[in-house]
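There are 2 protein chains.
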Amino acid sequence: MSIRIGILGYGNLGRGVECAIRQNPDMELAAVFTRRSPETVEILTDGVPVVKADAAKEWTDKIDVLIICGGSATDLPTQTPEYAKMFNVIDSFDTHARIPEHFANVDAAAKAGNKLGIISLGWDPGLFSLNRMYANAVLPQGNDYTFWGKGVSQGHSDAIRRIAGVKDARQYTIPVESSLEAVRNGENPQLTTREKHTRECFVVLEEGADAARVEEEIKTMPNYFDEYDTTVHFISEEELKKNHSGIPHGGFVLRSGKTGWNEENSHLIEYRLKLDSNPEFTSCVLVAYARAAYRMAKEGQTGARTIFDIPPAYLSAKSSEELRAHLL
Amino acid sequence: MSIRIGILGYGNLGRGVECAIRQNPDMELAAVFTRRSPETVEILTDGVPVVKADAAKEWTDKIDVLIICGGSATDLPTQTPEYAKMFNVIDSFDTHARIPEHFANVDAAAKAGNKLGIISLGWDPGLFSLNRMYANAVLPQGNDYTFWGKGVSQGHSDAIRRIAGVKDARQYTIPVESSLEAVRNGENPQLTTREKHTRECFVVLEEGADAARVEEEIKTMPNYFDEYDTTVHFISEEELKKNHSGIPHGGFVLRSGKTGWNEENSHLIEYRLKLDSNPEFTSCVLVAYARAAYRMAKEGQTGARTIFDIPPAYLSAKSSEELRAHLL
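Chains as they are written, first to last, in the working numbering: chain U, 1 to 328; chain F, 1 to 328.
A portion of the hints provided could be inaccurate.
Because identical chains cannot be distinguished in the list, a pair is counted as satisfied if it fits within a single copy or across any two copies.
Below, simulated DSS-like cross-link-like pairs (lysine-lysine); rule was C-alpha separation at most 25 Å, straight line [claimed, not checked]: (1) K150 with K258; (2) K52 with K242; (3) K258 with K241; (4) K52 with K298; (5) K241 with K111; (6) K111 with K242; (7) K150 with K85; (8) K150 with K62; (9) K242 with K167; (10) K258 with K242; (11) K298 with K318; (12) K241 with K167; (13) K258 with K318; (14) K150 with K242.
The set of hints was computed from the structure by calculation and includes no laboratory data.
Next comes chain U alone, as it looks inside the complex (with noise of 0.2 Å):
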């Protein structure tokens, strides 16, 4: 039988979720709920219910796990530990300083309800922290850096519209290829914000706004720019649909250590990734997680996880057999 997956919410994450379910032959898309009205809600799987999320309650026995597809700054908080009660959940929760908190709520309530949680999927928080990990375990004596991009941050995007005379814009961090070059021949840097990341701004402006004035706002922007080297395009709004409509993303991830009685040799460990669909890679983590919370929710396991906590076979459709002839 299909793991039967629900997804709660319909954005580009949930969208996501939908098209990663269609590559996992084991997983089958039971409902999408949506705080919208669902005649509104028009989703890619023939045949699937979607459901006022108010109904969710009537699905219980009908969904092995939902998947929460709501933002960190107001849904997930509420929204994970409120379906936690009644289902096995998946979450991105992103918000790095609250993860704490977030996770002591998902793990109320999954006790309470005899479910299992697993909270702050996707690549970072997810993978990158993953990463992280192995990579401080394995070389105790060492650095960690982590690069960001060539990606865009919705953030950032979002800060520059607000400017006046700005129609629309998007911007793309950029992580300085010599900084990299040092992590990787083990120099070791100490590096500032300015040395990390470069930012690249596409602004499309309002009929008659100033250029000038528009480019020193954005570079001047208090915790944004003002610490970066910005540069500013201004472009029309076709050359913004044209070549600046996705939502790639990346980035990486290094631990530069030493070991040997005298500390006299260095390694580098090294992850990298290329996205061209932020939220669809995302879907795909979350979708590989909710394979394992179904497994462990069958053996009896409640409260809240991590990705710190499932073992790494949980995530495959393989056998451990398989994976030992095939993969180790």
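Take the given structure of chain U and dock chain F to it, following the hints.
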């Protein structure tokens, strides 16, 4: 209380484990076991006994985890099952084709002794396997690529040394950069053996040996060199010692995959190791998994495991709370 580690076999790997233990404050080296005369084996750590391997059975209550540092060809197939009856064990068995059989033997022995054994650890098999598995689970539609190097291949160096007229030799396996770039660009190339790696040889000749004949014998050697583009450099013994006495290695595991309703988006997951010392890095992996074996055995788990079965958090000296707060 510290985790008490025993080392069985004191070559490059055993010495690497000894160095790694020193970097992990929650561990201590309890004893080194050897098949040689213990008085001929000098170790780095003060005050730790070197003991005849036969006497290991008297140490069962003084060792939490025994790290078996023998070779895969003849040592580990018998040693790991034998010692798994008495100790929680770790090994680096790397004969891919024989892993299922080795797993079964260690599983039976460890269960009989109420012990836990984790086999086939290191970086390939090991961290590379883990990355292949995670990447396959996250991107079910895609292609896998593994490149090794730049690094010293002991087997190929030995093969050159067996040629008449060769005094000493060192062989480096080198990934073909253009193929690596094609994979990174999402071209999903079908690569022949020749297109994946080149081989570079540094050879010291016996006096009077015919360089042209030696070069020809190397380049045409079946299996080892004939399917590769091979470069041969003749150098002096002094230069070999000075510039080629290290044991560096490393490599790349890549998965290139597609997502989206019509598989319209491409993604790349890349894991890279660059290692000054192959045995010391392998040792670091063994030691991190010794921590996991200790914890799992404490929970009463028995039998054989591989890297796919171990929850990541078990490798880390940090608590789950610390991991969630600082590494997630």
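How the hints compare with the structure:
1. Within a single copy, K150 and K258 get their C-alpha atoms only as close as 29 Å, which misses the 25 Å cut-off; across copies the closest is 19 Å, which meets it.
2. In this assembly of identical chains, K52 and K242 lie within 25 Å of each other by CA distance neither inside one copy nor across copies; the values are 35 Å within and 72 Å between.
3. Taking the shortest Cα distances, K258 and K241 sit within 25 Å of each other only across copies (23 Å), while inside one copy they are farther apart (47 Å).
4. Taking identical chains as interchangeable, the C-alpha atoms of K52 and K298 are never at most 25 Å apart, the minima being 27 Å within one chain and 47 Å between chains.
5. Proximity of K241 and K111 under a CA criterion of 25 Å is satisfied in neither setting, with 47 Å inside one chain copy and 62 Å between copies.
6. Taking CA atoms no more than 25 Å apart as the test, K111 paired with K242 passes in neither setting, with 49 Å inside one copy and 62 Å between copies.
7. Taking the shortest alpha-carbon separations for K150 and K85, neither the intra-copy value of 39 Å nor the inter-copy value of 52 Å comes in at or below 25 Å.
8. Neither within a single protomer nor between protomers do K150 and K62 lie at most 25 Å apart by alpha-carbon distance, with minima of 41 Å and 52 Å respectively.
9. In this assembly of identical chains, K242 and K167 lie within 25 Å of each other by CA distance solely inside one copy; the values are 16 Å within and 63 Å between copies.
10. Within a single copy, K258 and K242 get their C-alpha atoms only as close as 47 Å, which misses the 25 Å cut-off; across copies the closest is 22 Å, which meets it.
11. When the C-alpha separation of K298 and K318 is checked against a cutoff of 25 Å, the pair qualifies only within one copy, where the shortest distance is 17 Å, while the shortest distance between copies is 28 Å.
12. Taking the shortest Cα distances, K241 and K167 sit within 25 Å of each other inside one copy (13 Å), while across copies they are farther apart (66 Å).
13. Taking the closest pair of Cα atoms, K258 and K318 come within 25 Å of each other only across two copies (19 Å); inside a single copy the shortest separation is 36 Å, beyond that limit.
14. In the homo-oligomer, the alpha carbons of K150 and K242 lie at most 25 Å apart inside one protomer (18 Å), although the nearest pairing across protomers, at 41 Å, exceeds that limit.
Of the hints listed earlier, those the structure fails to meet are numbers 2, 4, 5, 6, 7 and 8, in rising order.
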